[in-house]
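There are 2 protein chains.
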Amino acid sequence: MFPQNSIGLVQPQYFTFAEDEPFQLESGASLSPVTLVYETYGRLNADKSNAILVVHALSGSGHAAGYHAEDDDKPGWWDDCIGPGKAFDTDQFFVISSSVIGSCYGSTGPMSVDPATGKPYALRFPVVTIGDMVNAQIKLLDHLGIEKMLCVTGGSMGGMQALEWAAHIPDRVVSVIPVATTARHSPMLISFSEVGRQAIYADPYWNGGDYYDQPHKPDAGLAVARMVGHITYLSEESMHQKFGRRLKGRERFGYEFQTEFEVESYLKYNGNNFTRRFDANSYLYVTKALDYFDLVEQHGTLVSAFEHSTQVKFLVISFTSDWLYPSYHSKELVSALTAAGADVTYLDIESSWGHDAFLLEVDTMTNLLGSFLDRLVREEGIVAPEPPIG
Amino acid sequence: MFPQNSIGLVQPQYFTFAEDEPFQLESGASLSPVTLVYETYGRLNADKSNAILVVHALSGSGHAAGYHAEDDDKPGWWDDCIGPGKAFDTDQFFVISSSVIGSCYGSTGPMSVDPATGKPYALRFPVVTIGDMVNAQIKLLDHLGIEKMLCVTGGSMGGMQALEWAAHIPDRVVSVIPVATTARHSPMLISFSEVGRQAIYADPYWNGGDYYDQPHKPDAGLAVARMVGHITYLSEESMHQKFGRRLKGRERFGYEFQTEFEVESYLKYNGNNFTRRFDANSYLYVTKALDYFDLVEQHGTLVSAFEHSTQVKFLVISFTSDWLYPSYHSKELVSALTAAGADVTYLDIESSWGHDAFLLEVDTMTNLLGSFLDRLVREEGIVAPEPPIG
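Note that the protein sequences, when read in sequence, are chains A and B.
Quick note on numbering: the first sequence equals residues 1 to 390 in this note's numbering.
Quick note on numbering: the second sequence equals residues 1001 to 1390 in this note's numbering.
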């Protein structure tokens, strides 16, 4: 049995487009066909005004809430915030979540079969951008017949997609909630991406990306990439709280090259675990999309990026101990939005959890998202959907 | 020709000990024999009271100042601070710098030949600690006939060795200057060490450490380890200043998996370069020594660690943008030293250069070190050495 406030069992759905006319990418390349896997939670109301799009981060997927099977040990990644009575209340809202293109959770990406060859694309898959990910989401919403989203929200890379919505298609969104994110990927962020990629390239099993039909995958390289990433999602303080300098399963130093500290064991476990659920080529593609993201370069200034977004309502959230996407990135964003004349609420949440705080500060996030959405419901006159039949 | 205030050509010297009685390590293991490579700059005065020991960081060596050859393109790593008229004024002081055991610059380490097998130790080399490194330095000073050091100083891992001197042999040191360091390696520091080690283990050419007689070394893994390290030595701000989001040798994104951003190119260059001057096994040993370092655990509290150091004069230096060894580590150290009754001067230097600031903030460091040393000379009545003959 699932917890009472869980959305329960959910079924991934598939939408395929660009079968006749190729999907144009920002690079100039194109893709045909394109499949998006997505899930929905709650019901659309009569005037289709209660839809919320939730977009995921680097290693996330479209499985944002509920369970895929009765015996799943974990629900979707943002289950704490999506469900009946939760921040994204599925009694009130119709929540949509889809996996980004370029990744490995069912939407078209480097693991997909290239129709030109009948084999996986691997590195023949075109490089995609945050803009391309969003353009694919728009095709999905067209398909679902939703003209305007009540809200687009996500943390980290999800926050970039939310900002892309606000900057490029402001007339199709009432509000956006970018969380723990940036409008411009910094050189430090690029550096961490690149080190992860280099760790993958360095693995001989990577084989230039062609490993899908090989007995070995570049697991060692991908695990190192993930370990690097994992450090950046924590804070020094949260590491002290979670692990300190405690040893794992021993009382004294072993003076040998084994895993000795708990924090080493945690990183190694997470690195290895990640290789069972993520694809190394997808890691390359998704990090590359992150690195390219820069609304300043695209528009000259950050203010210009949002000059057509004056009707969009923004709730910008950052966390004090997030050193990967530090609060000042959000503050720069808020200044630009304010200068552009947008309606902005900003909160820099006191937290010791580092970047991961956006998934862990559940009570604070629930209150914050809840009151922002209440305001939207009131101001936009959003009517709850019909109760389910039966 | 060398710059006028350079110490000029220097000659590494070798000291071998523990040929009869093995050198005992903190782990319980022992080494026999042990060689230290060292350099000296300036001259010892008549009462041997003007000796300063400079100790290096993770990837450094005993080559701290001057040049090994007329055509060297770079001097030793702290040449900015060591030389005639510089902070460590070689007209006044006798500066000694030696390479730590466990590393790869000539002192005994995993590359050295194990007398038991006639082959390089590789991973049969015993794990060494910061304490072992310092104990080896003491043997060198005994050999040089110096009873008491005027000062022991270093940044990062060098700062840990300086603290080890102050905590464990306070009667042999007048002052210590720990720079950009910590008394206790944090879980975040352990994490970065471990990711570097995992990148080396993941390289098939590492071969369990036995690669010295193989055609390939684990260069790819070591390069990734170095890239991770390099990011942590910079700050977000210094990365913005040095690289921003500039592209390298191109005007537009290539939408391909090539080095595109300047910061990527810089990391890759440094990673590859490092493999030409450093040994992968040594990287494992030296990072392990860092991870074990914890004066709190050894003594119960940080105050107890320094309870016998009340006669030692401390100059503690940290840098505001150093997120690897953040200022608050130094502040905790200063509080403990003050509580223990030691004579402490502390400076948290405003700098945007991150951890690397200790090598880059030359003017500030020169002034600061200079005035601290002037005070020592005055208070201790240090007499300058005889001028050189001829």
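The hints are simulated quantities; they were obtained by calculation from the structure and are not laboratory data.
Incorrect hints may appear among the rest.
[Said to hold, decoys possible] Restricting the straight-line Cα-Cα distance to at most 20 Å, the calculated cross-link-like pairs of lysine to aspartate or glutamate (EDC-like) are:
id, chain 1, residue 1, chain 2, residue 2
1, A, K242, B, D1213
2, B, K1248, A, D343
3, A, K148, A, E297
[Stated by the list, open to error] Label-pair distances were calculated between CB atoms; the ranges are:
id, chain 1, residue 1, chain 2, residue 2, range
4, A, D343, B, T1364, 56 to 62 Å
5, A, K248, B, G1008, 19 to 25 Å
6, A, E237, B, T1310, 50 to 56 Å
7, A, Q13, B, N1273, 47 to 53 Å
8, B, K1242, A, A384, 49 to 55 Å
9, B, K1331, A, G85, 33 to 39 Å
10, A, D171, B, N1270, 55 to 61 Å
From the three backbone atoms N, C-alpha and C, an ideal C-beta is built for every residue, glycine too.
Where does the structure disagree with the numbered hints, that is, which hint numbers, in rising order? 1, 2, 3, 4, 5, 6, 9, 10
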